[in-house]
Structure formats: structure tokens, C-alpha cells
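Read top to bottom, the protein sequences are chains A and B. For what it's worth, this note's numbering labels the leading residue of the first sequence as 1, then goes sequentially. For what it's worth, this note's numbering labels the leading residue of the second sequence as 1001, then goes sequentially.
There's no promise every hint is true.
Here are the computed lysine-lysine pairs in the DSBU-like style, where the Cα-Cα straight-line distance is at most 30 Å [as the list claims (entries may be wrong)]:
hint	chain 1	residue 1	chain 2	residue 2
1	A	Lys133	B	Lys1186
2	A	Lys5	A	Lys23
3	B	Lys1243	A	Lys77
4	A	Lys77	A	Lys133
5	A	Lys77	A	Lys112
6	A	Lys112	A	Lys23
So the derived label-pair ranges between C-beta atoms look like this [as the list claims (entries may be wrong)]:
hint	chain 1	residue 1	chain 2	residue 2	range
7	A	Glu122	B	Phe1206	27 to 37 Å
8	B	Trp1017	A	Glu122	52 to 62 Å
9	B	Gly1108	A	Asp185	47 to 57 Å
10	A	Ala62	B	Asp1188	30 to 40 Å
Calculated from the structure, these hints are not laboratory results. Glycine included, each C-beta is placed from N, C-alpha and C at the ideal position.
So you can see what is in the structure, the chains are spelled out below.
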Amino acid sequence: MDRDKAVEVRGVSKSFGSYQALKSVSFDIGANEFFTMLGPSGCGKTTLLRMLAGFESPDSGAVLLNRREVTSIPPHKRRVNTVFQSYALFPHMTLEQNVAYGLENLGWERAKIRARTGEMLERVHMSAFASRKPAQLSGGQRQRVALARALAPEPEILLLDEPLSALDLKLRQAMRDELRNLQRDTGITFVFVTHDQEEALDMSDRIAVLGAGEVQQIGTPTQIYEEPVNRFVADFVGETNFLDVEVLEAQADRAVIRSALGTFEAPATKLMQKGPATLSLRPEKINLGDQAAGVITLDAKVISQNYMGGFTHYTLEAGGVTLRASRRNASRQGDLVPSGEAITIGFLPASARVLAS
Amino acid sequence: MRRLTHNLPFWGLLPAWLLMGFALILPILIIAAVSLATRGSHGGFSWDFNLSGYSQILFNEGWSGELEFTPQYLLIIGRTYLLAGLTTLICLVFALPVAWYISRQSPGMRALLVYLVTLPFWVSMILRVYAWMIILGKDGPLPRFLENFGLAPGTSFMFNDGATLVAMVYTCMPLMVLPIYASIEKLDLTLIEASHDLHGNRLTTFRRVILPLTAPGIISGAILVFVPSLGAVLEPVLMGGGKQMMMGSLIQLQFGGGRNWPFGAAIAMVLMGLVMLLLIFTALRAARRQAGMEATA
Chain A
1 MDRDKAVEVR
11 GVSKSFGSYQ
21 ALKSVSFDIG
31 ANEFFTMLGP
41 SGCGKTTLLR
51 MLAGFESPDS
61 GAVLLNRREV
71 TSIPPHKRRV
81 NTVFQSYALF
91 PHMTLEQNVA
101 YGLENLGWER
111 AKIRARTGEM
121 LERVHMSAFA
131 SRKPAQLSGG
141 QRQRVALARA
151 LAPEPEILLL
161 DEPLSALDLK
171 LRQAMRDELR
181 NLQRDTGITF
191 VFVTHDQEEA
201 LDMSDRIAVL
211 GAGEVQQIGT
221 PTQIYEEPVN
231 RFVADFVGET
241 NFLDVEVLEA
251 QADRAVIRSA
261 LGTFEAPATK
271 LMQKGPATLS
281 LRPEKINLGD
291 QAAGVITLDA
301 KVISQNYMGG
311 FTHYTLEAGG
321 VTLRASRRNA
331 SRQGDLVPSG
341 EAITIGFLPA
351 SARVLAS
Chain B
1001 MRRLTHNLPF
1011 WGLLPAWLLM
1021 GFALILPILI
1031 IAAVSLATRG
1041 SHGGFSWDFN
1051 LSGYSQILFN
1061 EGWSGELEFT
1071 PQYLLIIGRT
1081 YLLAGLTTLI
1091 CLVFALPVAW
1101 YISRQSPGMR
1111 ALLVYLVTLP
1121 FWVSMILRVY
1131 AWMIILGKDG
1141 PLPRFLENFG
1151 LAPGTSFMFN
1161 DGATLVAMVY
1171 TCMPLMVLPI
1181 YASIEKLDLT
1191 LIEASHDLHG
1201 NRLTTFRRVI
1211 LPLTAPGIIS
1221 GAILVFVPSL
1231 GAVLEPVLMG
1241 GGKQMMMGSL
1251 IQLQFGGGRN
1261 WPFGAAIAMV
1271 LMGLVMLLLI
1281 FTALRAARRQ
1291 AGMEATA
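Chain A extracted, bound-state conformation:
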């Protein structure tokens, strides 16, 4: 990566009592990057974010912001601002006062503060509410003000702690686009924490998948989704079918495997050994009925289905194993294959992935 490094996390460990939240975690975040830390609750992502903000300090290891060691620098002296999950707007201050708070503490001139506050509220379309108190706003409006307040002091890095989790579905979708645009316009490094894989895939330049206090994989959304490095990542990001297979022959990043669905060559993680392994095959990679086209076709039987509107999830039996497959409801006719019906399925081995068990 040829960008400047905005954040460097070097061998950071942290324990709370006997619970090890982070186990020697290391990674870099580039300047101007929209970087997401994704993982289930308890994976250490929030602890990491709090370390960047300065609310936690690592037991060992170091955190660098813009190549400056900040491990022992308190939060108020870091050029980092946070959008909190609960927004944490000051209830006794108007929106204007909330946004101005950081600027006042930085000792800005009065006129500059007023201009910047107005500009930020304008930017999040909240100018009309400037003299209101947070209690008089809806969740989405509070979210915008929290964003304006955190961006006002011109941080080098903006931290976002699951900021969309309290919003309803429609609003969340709109805010995703807004956040993404805001990041592009301002060029500020965004570090986003979420447990929602869809959010992560949608917005990020790069994603770090965290699990059990360790970085499982770092990569672009497509790398994370299409080329997971282990079972944990394949399982946590998206939905998938896991099949027990045997590796007959392994090359650099491909392997010939024998499975219940046949013997074929598929992409594999590096350093694959001969012997037992796991095949990950995502439901949408399996085509059904008239959509079945691919190198490998099989006869299957429909066990049950979940109709989702735009597509239908099928549970199938093929070659003695149970598979989940999703079918796009492309035409009114031919959609909805009833249970018990025999059907042809097909997939491309190139869209499957062989992982270490």
C-alpha cells in the first residue's frame, strides 16, 4: 500500500481480568481510508476502537497515529473524534452548543467557531434545528448531529462505534450512503466498528475481520467475501455451506478435492495440505432449475424453502448432503419449487473455496 499510514497497531494485547480481549494484534490503516473492524460481540473490536480514542491503553504493544506514538496520550489531546453508539450528545446543550463544544476546547476564535458550527450543521441538514436540545430530535437526527459534532474539530481520524445500529432499516440504508459520501468528501480516515457484515461490505475500502481477540483476515470487501482465509471468516461474513472434503492434490492456491458433490479443482487457501479439508460453497453460487448452469450439475431434492420476496432460500439434499441454495425470483412462472420436488442444481468450482478444517 502506497498511502500514508494513519493508524499503526503494533502487537497490541489487552486483558480484562482473566479474559483476553486482544492477543497481540497488528495492522495498519491507510490515510483517507474507510476501514471497518468487523466481528461478533466480544471479538475485541470495540476495545481496539477505544484504544485509538484513548479510553483504553494496551497491556503491551503500541498504537501510532500518523506515525506518532500515542499509547500514553490522553483522549483530549488526540486529533481523533468519536461518533458514539448511543450518540452521547450533551442533553443540557443545544445542537449548536454540542457542535461548538470541541472547537471551544481547542481554543478556536468565536467567529470561526460560529462559522464552522453553522457549516457542519448545514452539512448534515440540521441547520433548522440549531437551537434545539437533543431530547427533541429523532434517532436519525441525533445521529447526524453526533456526526457533525465529531467532524467539526477537523479530526485526522474519525472513529465510528456501531453508529447505525440504533436506526431503523430504511434510515440505516440512507445513512450508509451518506457516511460513505462524507468520507469521500472530507478525505478523513474513517475507522468504523460493526457486527453487521452487510454494512461492512457496503461501505468499506478495507475490512478487518476480528474473532477471538485476533485479526482473522484483512482485505477488500470482495477478498473477504470471495476469498476467506479460514472457516471463521467464511462463516461470519455472509452465509455458506460447509462440506467435509479430502484434498487429493494441492498447488499454490488451488486444490483438487473429492467431495459429496464430485471430484473437482477449486480455489484454495495457501499452504493447503493433502488430507481432510472444508469446502465453502455460498448459497447464491448454487444455481437451481432453469437457472442451473455450470461445470458441475447434480440432481437434488427440495426439502424446504423460505420465500424472501426477491429471492427464495431452498434447503436441498444432493449427493447425500444438505445444502442451502438461494434462487433469484426472476420470473413469476417457474419460481417457488415445491418441497419434495426433484431439481437440477449447478455450480462453478471456481466459485467454491477450499479451507483448512
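Fit chain B to the known structure of chain A by using the hints.
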């Protein structure tokens, strides 16, 4: 039966009205009447309208009936306010960190500490003040402790304003700790983090976030401490030696040894008036603030 249920609010509130009427309003009316009565020559009083109870606060009546200004009772009123104010201030300074500390503990620990704060209420106030008399008194633990280090040999800590203050702070402390604790406990700690995150140092965070958000508790605590302190009787009598009077002990003296009921009643009315003024002032402020919040809605 129907009539009875129809008038349920009336019957339901009757006990409360009776209690308020007989235990609060009637005694106040009697005291107000007594304050306007005439002192009897051998104690007691007669129902002759007379303002001398009030005039005695400011003026001394000479032999021939001429009025002469005397500041002695004004001084007592001033001392009372000073001591009550100091009590409130000292309680506040000590109660804030205590309340903060309690709010930081685990829920079980919090319940235990709150219980410990209220524990002194389980003991009679006279006993608690006597305990302080022993601690501070001649040959008491504190003077002895200090003497061991060669400090303040032979000093008496008793029978002065300092001793009165110690006892007042001690008896009032829980009344300050509890409301402040209640408002700190409700404080969202993320707001403090947000303040630090927005470049606020500890002092700024305390002044601009913690203090305004816990102000209701601080105001309640201050009123709960200040108002009873104005009427303190036991502390100035027992700890202050009874010579340095406060309004409470002055009133007690007039109804007791002084045998001047109208004068005692007049001081009581003045004390009550001053407290009412304070309460009305804080109530108006709160109402204005409330109105301000709604106006922006």
C-alpha cells in the same frame, strides 16, 4: 355508597388534609398569633395585639419606653446564616467525591455504601452530638492524639463556633450525599467520555458536563442541608456552649428560660419567612428553566 365513591378524591385525601391542617398549618397560625401577642409579666402571654415581639429584634426598650437600636439579634441572624452557609459548603465539598466514589462501585457495593451513609440516622441525634462532645472535649481522643505529637497542647476544641460547625456538618452530611449520589448515578458515563473525546480536559469536563447535569441533585442537597441548619438548636447549645447563639437556640431560649413567647414566636416567623424566600427563589428559577426548555420545543 354511590355518593361515597363519587366523592372518593375528597375522602381519600381527608387524612392528608387533617394531618396538614392540625400538624402544620394550625401550629404555624398559633405561632403567628403568639408573635403578635403581649408578653405577660410572669411568663406566658395575653392576647393583646402588640408588635413589640418584632420590634425587639431590632430595638431595645429603655426604662422610659424609648426604643434604642440594638444589633445583637441581627448579629445572631447573620451568624446563623454564616454557619448554615458554611455547613452547606463544607458538606458539598465532602459529599461530591463521596457520591462520585459510591456511584463507581458495583451495584451490591453501592447499596452497602448508601446504607452506611444513612446509618447515623439510626442513632438519636443527641447521642451523635454527645459523641462529638466526647471526641473533641477535654481529654477526648482528638486532643490527646494531637498532644502525642506535641501539637496544640491544652487546647479546647469545644464550646466555640468551630465545634458547632463540626457537629452541623456531621449531622447534615447524609442529606447532601444522597441527592447528589442519586443524580450522579443517573449520569451517562459516555457523556464524560464524549467530553474528553472532544478535547475537554478534566476541569472542563467537570465544569461543563458533570456539574450542570448533576445540578438538580446538588441544589436539592444544598436546600436539604441549608434549611435545617438555619434552625439548628442542639449543635449550638451542646457544642457551642449555648453562649454563641443561633436563631434556633435563641427561639428555644425565649420559649424556655427567657419566658418571652411573643419574641420567640416573632423570631420563628422571621426565620420561616427567610427560608420561604429562599425556597420561592429556587422554585421560580426551576420553573423558568422548565419554561425555557419547553419554549424551544
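Hint-by-hint comparison with the structure:
The suggested pairing of A:Lys133 with B:Lys1186 holds, with an alpha-carbon distance near 19 Å, which does not exceed 30 Å. Only pairs whose Cα atoms come within 30 Å are accepted, and A:Lys5 paired with A:Lys23 is accepted, the gap being roughly 22 Å. At roughly 57 Å between alpha-carbon atoms, B:Lys1243 and A:Lys77 are farther apart than 30 Å, so this suggested pair is violated. For the proposed pair A:Lys77 and A:Lys133, the alpha carbon gap of about 27 Å is at most 30 Å, so the pair holds.
Among the hinted pairs, A:Lys77 with A:Lys112 is consistent with the structure: their alpha-carbon atoms are about 20 Å apart, no more than 30 Å. Our distance criterion of 30 Å between C-alpha atoms is broken by A:Lys112 and A:Lys23, whose separation comes to about 44 Å. At about 32 Å, the beta-carbon gap between A:Glu122 and B:Phe1206 stays in the expected band of 27 to 37 Å. Distance hint for B:Trp1017 and A:Glu122: a CB-CB separation of about 58 Å, consistent with the stated range 52 to 62 Å.
For B:Gly1108 paired with A:Asp185, a C-beta distance near 50 Å keeps the hint of 47 to 57 Å intact. Our hint of 30 to 40 Å for A:Ala62 and B:Asp1188 holds, since their Cβ atoms are close to 31 Å apart.
In this structure, the hints that do not hold are numbers 3, 6, in rising order.
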